[in-house]
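Residue numbers (my numbering): -4 to 255.
Keep in mind the hints are simulated off the structure, nothing from the lab. Certain hints may be false.
Quick list of in silico lysine to any residue cross-link-like pairs, SDA-like style, CA-CA up to 20 angstroms [to be verified]:
id, residue 1, residue 2
1, K101, G169
2, K150, L118
3, K101, D162
4, K150, P170
5, K150, Q199
6, K101, H120
7, K150, A82
8, K150, P223
9, K150, G169
10, K101, D171
11, K101, M221
12, K101, P223
13, K150, H120
14, K150, E140
15, K101, Q222
16, K101, P220
17, K150, D162
18, K101, I173
19, K101, S121
20, K101, V192
21, K101, A82
22, K150, K101
23, K101, E144
24, K150, H122
Since we're looking at a predicted model, the values are computed, not measured.
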Amino acid sequence: MNPGADEPVVSFPTIESISTAGWSTPILTEERTVHVWGFSLDASLSVVAQCRSWLSEEERGRAARFIRQQDRLQFVLAHGGLRAVLARYTGLDPSALTFQLGSTGKPALLNGRTPHRPLQFNLSHSHGRMLIAVLADQEVGIDLEQIRERVDVAKLAERFYTAAERDRVIRQSGPDQIGWFYRYWVAKEAVLKGQAVGLRSLRQCEILSSDNTPRAEIQLSVGAPMQPGWTIHWIDCGSGWGGAVSAYGCDWAIRPMTRD
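Could you build the full structure based on these sequences and the hints that come with them?
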């Protein structure tokens, strides 16, 4: 996705590394630092069963509604993995975590306080990979997309992007055009997911980005149902993938996390 300079590099170990026993040391949040976890959603049947056992009845029902078995498995592993990660911060068993949908539809932890502060999170998964963002005290959004070459860039940019974004994308050629299209897409999605607003608001959020910079500010159109002052930080998810994190303010950092 044409990563810019100094984009944090996120690795994607198998979900087996988090959903099996052996983690005992609690993880502490850091001031104004987003912890970013990446995993590939490949697992043995025993790990799938373990992740399913952690889910609530409501989550199991959501998983069962997927028609394709692969989609059901991805949901189970992603949401089981999310519970395993959050359990490390809260000191609770993954199955003991309870969630509630807010007025905007974004899930929140009811028993998700760390010893000193409330815990916020966001999840994104796409084509066998997942990203989790964890931040204390304030909302956070994250998005992950697999880059597909056969995308009607002009049509989608016309529908979802501002005039400036659309012009920036269209004047590129070849891989750069696809790269900039997805660069804007994951950034917009991260903002919308962090603030729990729908895709209809994509054109109301403009990404103010320069070449090779890992950060960007946003500009909202008049009447946009979003909070101003959020910024974007792109992350390097490897060749063929795009990712971004969004939170309020410009003084926050990203820390890619690993099991060790």
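Here is what the structure says about each hint:
no. : hint           : result
1   : K101 with G169 : violated (37 angstroms)
2   : K150 with L118 : violated (28 angstroms)
3   : K101 with D162 : violated (32 angstroms)
4   : K150 with P170 : holds (17 angstroms)
5   : K150 with Q199 : holds (17 angstroms)
6   : K101 with H120 : holds (16 angstroms)
7   : K150 with A82  : violated (42 angstroms)
8   : K150 with P223 : violated (28 angstroms)
9   : K150 with G169 : holds (16 angstroms)
10  : K101 with D171 : violated (33 angstroms)
11  : K101 with M221 : holds (14 angstroms)
12  : K101 with P223 : holds (18 angstroms)
13  : K150 with H120 : violated (24 angstroms)
14  : K150 with E140 : holds (18 angstroms)
15  : K101 with Q222 : holds (15 angstroms)
16  : K101 with P220 : holds (15 angstroms)
17  : K150 with D162 : holds (12 angstroms)
18  : K101 with I173 : violated (30 angstroms)
19  : K101 with S121 : holds (18 angstroms)
20  : K101 with V192 : holds (9 angstroms)
21  : K101 with A82  : holds (19 angstroms)
22  : K150 with K101 : violated (29 angstroms)
23  : K101 with E144 : violated (31 angstroms)
24  : K150 with H122 : violated (23 angstroms)
In summary, the structure is inconsistent with hints 1, 2, 3, 7, 8, 10, 13, 18, 22, 23, 24 from the numbered list given earlier, while agreeing with the others.
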